[in-house]
Structures are given as structure tokens and as C-alpha cells.
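When we follow the working numbering, the leftmost residue of the sequence shown carries the number 53, and every step to the right adds one.
One or more of the hints may lead you astray.
Computed Cβ-Cβ distance ranges for the label pairs, DEER-style [unchecked claim]:
1) Arg103 to Met159: 40 to 50 Å
2) Ser57 to Val194: 15 to 25 Å
3) Thr264 to Gln132: 14 to 24 Å
4) Glu85 to Ala59: 17 to 27 Å
5) Pro137 to Gly62: 43 to 53 Å
6) Asp150 to Ala234: 16 to 26 Å
7) Pro67 to Arg227: 39 to 49 Å
8) Gly112 to His89: 48 to 58 Å
Just so you know, the hints here were simulated from the structure itself, not pulled from any lab data. Note that beta-carbon positions come from the ideal geometry of N, C-alpha and C, so glycine has one too.
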Amino acid sequence: MTSISFACTGVRADPYAAGPTLVFRLRITAPAEVRVHALALRCQLRIEPARRRYDDAEGGRLADLFGERSRWAGTLHPVQFAQVPLLVGGFTGETEADLVVPCTYDMDVSAARYLAALDGGDVPLLLLFSGTAFAGPGGFQVTPVAWDQEAAVRMPVKVWREAIDAHFPGCGWLRLPADLMAELLAYRSRRALPSWEATVRELLGTARTVKTAQAAEPSQAAEPSQGAKPFQAVTPFQAAKAAQTAKGER
């Protein structure tokens, strides 16, 4: 087994990538007398949340991941960040390589939710390596990379934000079931709304209008008169459709 070690010397955001991307700079060291023809690596990146401090605001935002702060001694488990391949060309002694890591701003992903909850400081990351080394003086020998090879790095939170903001500044991401997306798309088409933002804002405005109207008639909602239909809550979709129908009748 060829003795190869790894260190991470820095991390930066890639402003020219097609999506949010971080680039970790790796220093890879092998014995001076060994010629390494190539490395085929699998790199796992893991967040180590127990290795940093959190203020009260950050602690509140992390409650859905780790529970109440009083329980953190047993709940601050590592969070999977990414798993990416890396192919390193030939070298002797030492070389450097870029580990390119795509990021997501999907708030359903634990790592993105964790990073978004932080106001600043560093993110403690652990990089774990495995794979195959092709080395030898003449031909080459195929040997595994030792399973215990790892490198720790503290990534500034601002670097992750820079990567996200380069593509989605001031935005969030919401995943919805396919049937609800179809209903939203149909509503947007009927109303000829120019964007999803306009669609959601109109629905929220309709919901506020319905809520205000319901609050204005509490007695009628609580005690319907004899022969009258009992009060039923109206969804924003129903209210918008009713308003559209009424407008057509006028």
C-alpha cells in the first residue's frame, strides 16, 4: 500500500461555474522515492458541527436539525456535505489539485439548512479520502489509498454564501408535490401572472383578504342563523376563483 497523505490548504468560491461551486485546494504527498502515475479518489466532505460555537440566534435556527440546545451534547452529529470523485495526474513527491464541490441551496438538504443558519465564522469540515493509487518505478502497481486518510479544514461561512449568491442572490428554494405545482401553474396561466413571485404574492394577498373578512364577521361564523349554511373556511385558490367568476358575471 502506497503511503499517501492529504492536506487542505484553502477553499474558494468558483464565480465561473454553472451553479454554486466550492473549490478546495489539496496538497497531496507521497514518499519521495515513489513515482505516482495517477490517483483515482473518492472524497467525502462532512460537517463537524460540534467543533464550533453558536450564538443564541444561530442556536434557535438550528433547533430543527439538532433539537433543543440542552440536548446538543448528544445530537450534534456530523452532517454529510458532499461526496465527489477526483482524478489526480502523475507526480513524484508532492503535488496540488483542486477538488471541485457543487453546492445546493435546497433547504430540504441538512447541510444547506445548517450553513444558512450561520451568521458568520467558520464551518468545521472533515475531508475523508479513499480510492486507488497507480504507482511504481517502471510499470505500475495498483494499490488502495489507506482508508484512514483525512484532512480537516475550517471554511469561512462567507465563502459558501459567496458561491450561493453568485447564482441565486437573495433567493430561497421551495420543493412542492407535482400535483400542487400543476395547480399553481394552471392558476398562474389563468391569471397571466409574469412570475412565480407574482403568483405567490397574489395568493398571499387573497389569503389576507379572506382572513380579514372572516375576522370582521365573528358572530356569523360562530353562530350561523337558522336555515343558513354553516361557515366553511375558504382557501386562497377558492377565493381567487370565486372572485374571478364574480368579475365575469359583472
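Item to check | Violations among the numbered hints | outcome: 1, 3, 5, 6, 7
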